[in-house]
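*Asks:* Chain by chain, the residues:
Protein chains: 8
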Amino acid sequence: MNRQQLRVLLDEVRSGVVTPESAHTRLLQVLRQSPFEDLGFARVDHHRATRQGFPEVVFGQGKTADQIASIAERLVSAGHSLLVTRTTPEAYQAVAGLVPGATYHDLARCITFDHGATPRGRGTILIAAAGTADLPVAEEAAITAQVMGNDVDRLYDVGVAGLHRLLTEQQRLCAARVVIVVAGMEGALPSVVGGLVDVPVIAVPTSVGYGANFGGLTALLGMLNSCAIGISVVNIDNGFGAAAVASSINHLD
Amino acid sequence: MNRQQLRVLLDEVRSGVVTPESAHTRLLQVLRQSPFEDLGFARVDHHRATRQGFPEVVFGQGKTADQIASIAERLVSAGHSLLVTRTTPEAYQAVAGLVPGATYHDLARCITFDHGATPRGRGTILIAAAGTADLPVAEEAAITAQVMGNDVDRLYDVGVAGLHRLLTEQQRLCAARVVIVVAGMEGALPSVVGGLVDVPVIAVPTSVGYGANFGGLTALLGMLNSCAIGISVVNIDNGFGAAAVASSINHLD
Amino acid sequence: MNRQQLRVLLDEVRSGVVTPESAHTRLLQVLRQSPFEDLGFARVDHHRATRQGFPEVVFGQGKTADQIASIAERLVSAGHSLLVTRTTPEAYQAVAGLVPGATYHDLARCITFDHGATPRGRGTILIAAAGTADLPVAEEAAITAQVMGNDVDRLYDVGVAGLHRLLTEQQRLCAARVVIVVAGMEGALPSVVGGLVDVPVIAVPTSVGYGANFGGLTALLGMLNSCAIGISVVNIDNGFGAAAVASSINHLD
Amino acid sequence: MNRQQLRVLLDEVRSGVVTPESAHTRLLQVLRQSPFEDLGFARVDHHRATRQGFPEVVFGQGKTADQIASIAERLVSAGHSLLVTRTTPEAYQAVAGLVPGATYHDLARCITFDHGATPRGRGTILIAAAGTADLPVAEEAAITAQVMGNDVDRLYDVGVAGLHRLLTEQQRLCAARVVIVVAGMEGALPSVVGGLVDVPVIAVPTSVGYGANFGGLTALLGMLNSCAIGISVVNIDNGFGAAAVASSINHLD
Amino acid sequence: MNRQQLRVLLDEVRSGVVTPESAHTRLLQVLRQSPFEDLGFARVDHHRATRQGFPEVVFGQGKTADQIASIAERLVSAGHSLLVTRTTPEAYQAVAGLVPGATYHDLARCITFDHGATPRGRGTILIAAAGTADLPVAEEAAITAQVMGNDVDRLYDVGVAGLHRLLTEQQRLCAARVVIVVAGMEGALPSVVGGLVDVPVIAVPTSVGYGANFGGLTALLGMLNSCAIGISVVNIDNGFGAAAVASSINHLD
Amino acid sequence: MNRQQLRVLLDEVRSGVVTPESAHTRLLQVLRQSPFEDLGFARVDHHRATRQGFPEVVFGQGKTADQIASIAERLVSAGHSLLVTRTTPEAYQAVAGLVPGATYHDLARCITFDHGATPRGRGTILIAAAGTADLPVAEEAAITAQVMGNDVDRLYDVGVAGLHRLLTEQQRLCAARVVIVVAGMEGALPSVVGGLVDVPVIAVPTSVGYGANFGGLTALLGMLNSCAIGISVVNIDNGFGAAAVASSINHLD
Amino acid sequence: MNRQQLRVLLDEVRSGVVTPESAHTRLLQVLRQSPFEDLGFARVDHHRATRQGFPEVVFGQGKTADQIASIAERLVSAGHSLLVTRTTPEAYQAVAGLVPGATYHDLARCITFDHGATPRGRGTILIAAAGTADLPVAEEAAITAQVMGNDVDRLYDVGVAGLHRLLTEQQRLCAARVVIVVAGMEGALPSVVGGLVDVPVIAVPTSVGYGANFGGLTALLGMLNSCAIGISVVNIDNGFGAAAVASSINHLD
Amino acid sequence: MNRQQLRVLLDEVRSGVVTPESAHTRLLQVLRQSPFEDLGFARVDHHRATRQGFPEVVFGQGKTADQIASIAERLVSAGHSLLVTRTTPEAYQAVAGLVPGATYHDLARCITFDHGATPRGRGTILIAAAGTADLPVAEEAAITAQVMGNDVDRLYDVGVAGLHRLLTEQQRLCAARVVIVVAGMEGALPSVVGGLVDVPVIAVPTSVGYGANFGGLTALLGMLNSCAIGISVVNIDNGFGAAAVASSINHLD
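Residue numbers (our numbering), protein chains in the order written: chain A, 514 to 766; chain B, 514 to 766; chain C, 514 to 766; chain D, 514 to 766; chain E, 514 to 766; chain F, 514 to 766; chain G, 514 to 766; chain H, 514 to 766.
Be aware that a few hints might be false.
As the list claims (entries may be wrong) - Here are a few chain H residues that sit away from chain E, every Cβ distance over 10 Å (derived from the structure):
#1 579
#2 591
#3 718
#4 733
#5 749
#6 751
To be verified - Listed next, the in silico SDA-like pairs over lysine to any residue satisfying Cα-Cα at most 20 Å (straight line):
#7 A:576 - C:601
#8 B:576 - B:587
#9 H:576 - E:616
#10 G:576 - A:646
#11 E:576 - D:632
#12 E:576 - E:528
#13 E:576 - D:645
#14 G:576 - A:576
#15 D:576 - B:601
#16 D:576 - B:587
#17 E:576 - D:670
#18 D:576 - B:576
To be verified - Covered stretches of chain C (chain D as the covering partner; in silico rule of three or more C-beta atoms under 8 Å from a C-beta of chain D):
#19 578-585
#20 708-714
#21 739-747
None of these hints come from the bench; they were simulated from the model. Treat the numbers as computed from the prediction; the structure is a model and nothing was measured. Glycine included, every Cβ here is placed at the ideal spot set by N, Cα and C.
Using the sequences and the hints, build the whole thing.
*Replies:* In structure tokens:
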């Protein structure tokens, strides 16, 4: 019930078209409802879905193929795009049966279905990855960014131990509106990239490594302590999260 | 030596104005120089300074008042704005002697001097802080954002244990282009804020708390594991770093 | 030997019915016995069993199906209710052969048998869970609370990133006598719930998450550092423990 | 605006006593207000204050004596009881100047002022402490519990290495409605107490110890892993938090 | 009330000297008393004091000089030996005023008074220390062992980086009945000593070191993981604890 | 070459039976050899083997059945007793083929063969275990202690949450010459036992538990910080190591 | 384009053999190329490959047999030696099909192919290992060192608990130009070796152990805190990395 | 007693100049002595002192000025060079009184005295430091390297966030025989340097930073997990240790 509707109702009470009892009942309903829905809270959610094209991302890990397929079918039926992360070929078989146009991204371990109406981000999201073992996380970021309506530029295998690989690509780095940097082991790549660009850098530590890398903790701590400015960090192996941040930046007017 | 200068040089060799020996020497110099200076690498730095108004931020901790003052004087003389973080009133006395218009921000523990020509960010950076003990970090972020050319909206004392304080301010939250959330203890505020806005959220854990907060580690881990999307994290107590990220986002076209 | 029996014995010594030697022997026996049995210590245990209906909970993990079945049979034969936690369908098959009326709770991974005479708690225990992945722990708490004689209200999927889901349920929250809050990842839900109710809140961190959640440590630390008051915490994934605390509170007169 | 008031308003619109315009304005106000205040959210807070006698506890650490005194004065003027934790004799001097009847509790490092109308809890809160070095935390709990309207029984210096000290006090243990157990070092006391009582036990780890106690982490972990049931845990050294939980339990009808 | 006293009481009841009522009352008192005192529990404590000469060790840290002095005076008046650990010259001044013969051990930071009747251990306790910075801990162990009635042999500055210093002292190592090994940094000395002797070795990690020694954690973990057999470990810097273990071994018949 | 042999050699040089050249060669050999063998170092090893009956314990984990069997055969052929820890029924099959009288201990996961000549310890080693899940570690200690020549008394399922189970067994506790205490979860049992006996207590933390027990770290830290005296600690799950320490104590004259 | 080529080009411009336009184009190419290749940066890489015989080491973990085989074929075809670490017999089968002379090293889990022209190091690299469980890591170091052109001396099973095994081998220790020390558990061997030699010692912690060894963390910390000088450390289980460091030292002129 | 002396002794026995008894006694003495002194063990130590010029380095932390001065005087009197690390101007005053030519190095916090006869290393040790706050550690390394006889090249303030500062100095990097890299915060500099040189790189993490740098742990872990090869690591802030390793490399023939 918006401002106009409220005024109309009260006028109708005044003129006798609506009885006070009936108006009482209707206004009580409004007050009893989630205030957030009435106050525009849920509208923010719908706004998000309208602009970015995905109302809910399915975290596949720990769900059965059937569960994933039925959630996917429900979302696509409702007219939304689809993104399932951390999933498997088996889950894809189940999804494909219900959502014909769905695609499986092997390296990224994602299922997507694009309804084609996602608002486009303004620039390019560059995704830099230090080593080949970091690619699953980098690809999760790339696929996520794409399904959220962003152009993606991939710059892989540019670890800091062979700097020339990175330095020869400075033009691509500087052409991006947001940069995602994916690295395991010591996680030094974001510091170097952060010194080369002046757009926001989202750092993603990966669990790649062994021994004292402690499942990605070393890369995470390294990125949090970066001596470069303009860097913020997401959870270990969280390619999806980095892309969601990057996409929200890239969709700013 | 740019493209045009190179062509001129070669034409002069051809016409005999410049001898091959002399051109040889000059080109060797170019090749021996830092390629980055010639290839525009340092220009990125100057571009950054030109657009954002600060070429170098002085981390005051561990430096003497005299050291800080002389660095400050050098920067301001060169026409730059000034930001000194983690500093003291003593250092400010020293700086004020050399940089007359400098200002000390007590709660933020910062010294600033604004040369007045910093490019303005496009929107507002909202800084939300959970408790009053988080204010030094929040203010470091606020002062940093301001000196970098951003409008700042402060929303303090909105911890999650009294949600109504936050929920009644949703309009201010939704009016921001970037949100910085500062919280210690369990660090839950970014998760709640992240569910209310769809702009980028930069989370800053603080060392506020005791016992099992482990100097801010608990808040840091909580923010990295947030169930909300669109959140990235900086180091513990790093208000400056959060503002630098937010400013780079807010300066995107 | 209780107070009356002692008086009788001494009267009998006085009257000569019992000789001092014989009384001496009998009193020495009492003194040599476990003082706790004579002093009411074991009675506390029986009191607990009588009032709450379960004398011993079987922690199923690491026990074979046969071991579980034989313990279960012994307990039920003795007239007790039965609760087996962290168990499997295989163990249930074995138990069901010996305890016909036993029930298996799939999501909670529990086996129960209710002898029907458990004293009832005074109010309702509300169990709030942040995400669907937290449900096994939430259900372990729910089944435990029920078999201990409590009414249970389940409020699931109310994570802090979508606050309206929780806020529209404030009446149910406020109707509870005790609240159990189950959450993984950053573990922020107890802080929000703690600000909405003034009954005791028992927080249960879960190991749900990945990367820097460190098997539930992040949620645990977050809950211990909660800025809300009235919250206490149990071990990671310990749904049973939380329900035992909640039940002891709910059975207070 | 409650249900009755709404009906009256609508009747007045119908009868012409209130114009639709005026009613429109008034209802818009209600909808624009924090829904929580209108929906009873803040009333919960007032209910809490009314029943327990303290609307806000002042955490003294990091606040100046003057800040504490002015907050204290404001609270007491508003008719509330006062509790300042983690404070100093200096702060007390400042408070006493503004709040004449305020009391300083040296060992507990608390300032209190009791307005005399705090609702009484139903039973006794027993506070057991393992060693003399744990007393500041135990006393913080005791003073907090008292100012919140609870009877307190102190059972100090009953560490597990001299069990008889504890076992001879079983009657006092069993007479309590809630038990708070304060212990540092290995934090074993709650496990032993938990086996002796069947009321809720709130365990408070302290930072007492040295070497591998890691500032109370050892005691905290020990309490979280207790083999006894009915135990929940609060943050290291958090005597106040334990008492708040215990008081909320003790005030249950 | 011992076995004889009980028989006498019962005889007196029989003979009429004591009425059953009076005997009833007296026996109820016994049953209500700590059972441990009656059952010999406290006798263990006295036995310990009698045989080893110290009923209670005063941990000086966190106690005022006056508190230490008054405890010391009470213990010595009761005929016991005295050991105060982790104390200061100031505390010694206070103690010396009340306990004339007390001695201060500067390096060990201990105060002792020996009543001269402590039972002697059977052999020698050898205390090996890796470096000079470990001596305060080693001396705390040495003084503790001596006041508990043991012969002590000190073997200091025998770190593993200069093995010949240790190897030339093998006879002294082999002459000991128990060996205490004190080491910081990497804590390797117990492994080497454990390979040279076949008596029990008590390892004491110290907090000596810097950087990644983490306050003695590195030495502690090293000692717990020793590849040598016959080694057990006490807390970081716990020279007293090691000596107490060694003395209990050395006093075995 | 021992003292007598050296004298004989020198006499033979003097008498001309051995030439100086030949004696030179032989003495150079002695000096070139491991000095430890000549100086009695290896003799210590043989002394150990002679007195305790096992020259080398086989740590089975990570070794194949065939490797274990061949090592076992070699040791037994050389006249030694045999102890294989952390092994499997498969390894036992292989061992039994080569060492006919070898025994497999299922719960302890050990293989033993006793040559019957191991020197006997002087008293009894009591092994107390907190819960049934701790029994594999407790039995590893028990079997190790037995094969090393000690009488063992097992006191199982005496966790601190049911103190009466332990307190009724004080006579057995006090009859031991050494006590090994095995406990997981919070690891509180050694503190309680340490307060009841005055013989050495060896504490063994186990990895039994879940959540914040961190694979036994919690129990380990708890035991290191015990408030009882006379306790030392071995590595997590190291039943063998505890028994080796206890046996070395029990074999002291 | 080197110095000579540049001079020739400029002479050709002068003489008209090359037009300024064509020279312009060619020089622009040089400037656009990776400056590092032109400035000798990549030459360092080729120099490394030429001198040490391996341009890239294949980390086998996480790669399929086919991936490894195709990389191996490409490297060997290009005339390089081959080293694949952390690989499997299956991968070897695939490699052997494409690289006929390749060898599999079972214990080291490495595949090598030596093209026979690797420059030789100047001295011997001695590899000392504490226990038999450390051999896979030690052999990875040995095979790496050999394929990089170094003579290797293996000194295995010389743990510090049986020092004579090490001390009798001092001549071999002192004959080495670099020493690699591999040890798990407490990681004490490097400290002892560091006291016996004055050449560089590279310490490699292994994950061998259990309980509080925390996957090699204990050995790592021990080695970093070594009291001996001349020791540096590589990551846990990183035999390859230690050998690469040792080889770079051994190839110094 | 060396080879010749032994032969002479035996000849004298043969000829009767020395009696067998007297020779027996003398040879027993040799066998009883530390075998290491006779077998050349201590000679290694002297060899080290002769070649490198420092027999013992004084770790100043925790020693009084007088203690340091008397040790320094003893060493210099014996003809050795002197190095005191982690010391203070006060200690220098005391040393200077006894060792006239001693020098204090303010930034490095070291005292040195060079006797002028230290053997020279073969090449240059380059010391790179990331930031100005790392200089105390870098200078400790530099002064240590110099007093040990090495030429040192300092390359300071070359952190990875401004790569051009490092890249323009590649010639100096490549001219070094050993490189020490000192860095705090994320510790990324060694990875970058390791990719630019092929000589050994010794990485020194510093405790510079705040928040999640955990006193240098982040830099330490980053360096241990470096993706570059040829890097080994020393303890946090251990500039001395790095220089000792580098010097031992630089003194290799």
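*Asks:* All hints are to be evaluated individually against the structure, with a verdict given for each.
*Replies:* Verification of the supplied hints:
Every CB of chain E is more than 10 Å from the CB of residue 579 of chain H (nearest about 14 Å), matching its label as outside the interface. With a least CB separation of 17 Å from chain E, residue 591 of chain H remains clear of the 10 Å interface cut-off, as annotated. The claim that residue 718 of chain H is not at the interface with chain E is violated, since a C-beta of that chain comes within 10 Å of its own (minimum 8 Å). Non-interface status of residue 733 of chain H relative to chain E is broken: a Cβ of that chain comes within 10 Å, the nearest being about 6 Å off.
Separation of residue 749 of chain H from chain E is inadequate, the least Cβ-Cβ distance of about 3 Å not exceeding the 10 Å criterion. Separation of residue 751 of chain H from chain E is inadequate, the least Cβ-Cβ distance of about 6 Å not exceeding the 10 Å criterion. About 19 Å separates the Cα atoms of residue 576 of chain A and residue 601 of chain C, which keeps this hinted pair within 20 Å; it holds. This hinted pair checks out: residue 576 of chain B and residue 587 of chain B have alpha carbons roughly 16 Å apart, not beyond 20 Å.
As the CA atoms of residue 576 of chain H and residue 616 of chain E are separated by approximately 25 Å, the hinted pair breaks the 20 Å bound. With a C-alpha separation of about 9 Å, the suggested pairing of residue 576 of chain G with residue 646 of chain A holds against the 20 Å cut-off. With a CA separation close to 38 Å, the supplied pair residue 576 of chain E and residue 632 of chain D exceeds the 20 Å bound. A C-alpha spacing of about 56 Å is found between residue 576 of chain E and residue 528 of chain E, which places the hinted pair above 20 Å, so the restraint is violated.
The hinted pair formed by residue 576 of chain E and residue 645 of chain D meets the criterion: a straight-line CA distance of about 10 Å does not exceed 20 Å. With a C-alpha separation of about 27 Å, the suggested pairing of residue 576 of chain G with residue 576 of chain A is violated against the 20 Å cut-off. Distance check on the hinted pair: residue 576 of chain D and residue 601 of chain B sit about 19 Å apart at the alpha-carbon level, within 20 Å; holds. With a CA separation close to 37 Å, the supplied pair residue 576 of chain D and residue 587 of chain B exceeds the 20 Å bound.
A threshold of 20 Å between alpha carbons decides the hint, and for residue 576 of chain E with residue 670 of chain D the separation of about 15 Å falls inside it, so the pair holds. Of the pairs offered as hints, the one joining residue 576 of chain D and residue 576 of chain B is violated, with about 27 Å between alpha carbons and a cut-off of 20 Å exceeded. Taking a C-beta to C-beta cut-off of 8 Å, the region 578-585 of chain C contributes 0 residues in contact with chain D, too few for the three needed, and the coverage statement is violated. Judged by the Cβ-Cβ criterion of 8 Å, the region 708-714 of chain C is covered by chain D as claimed, because 5 of its residues qualify and three suffice.
Requiring three or more residues with a Cβ within less than 8 Å of a Cβ of chain D, the coverage given for the region 739-747 of chain C holds, as 6 such residues are present.
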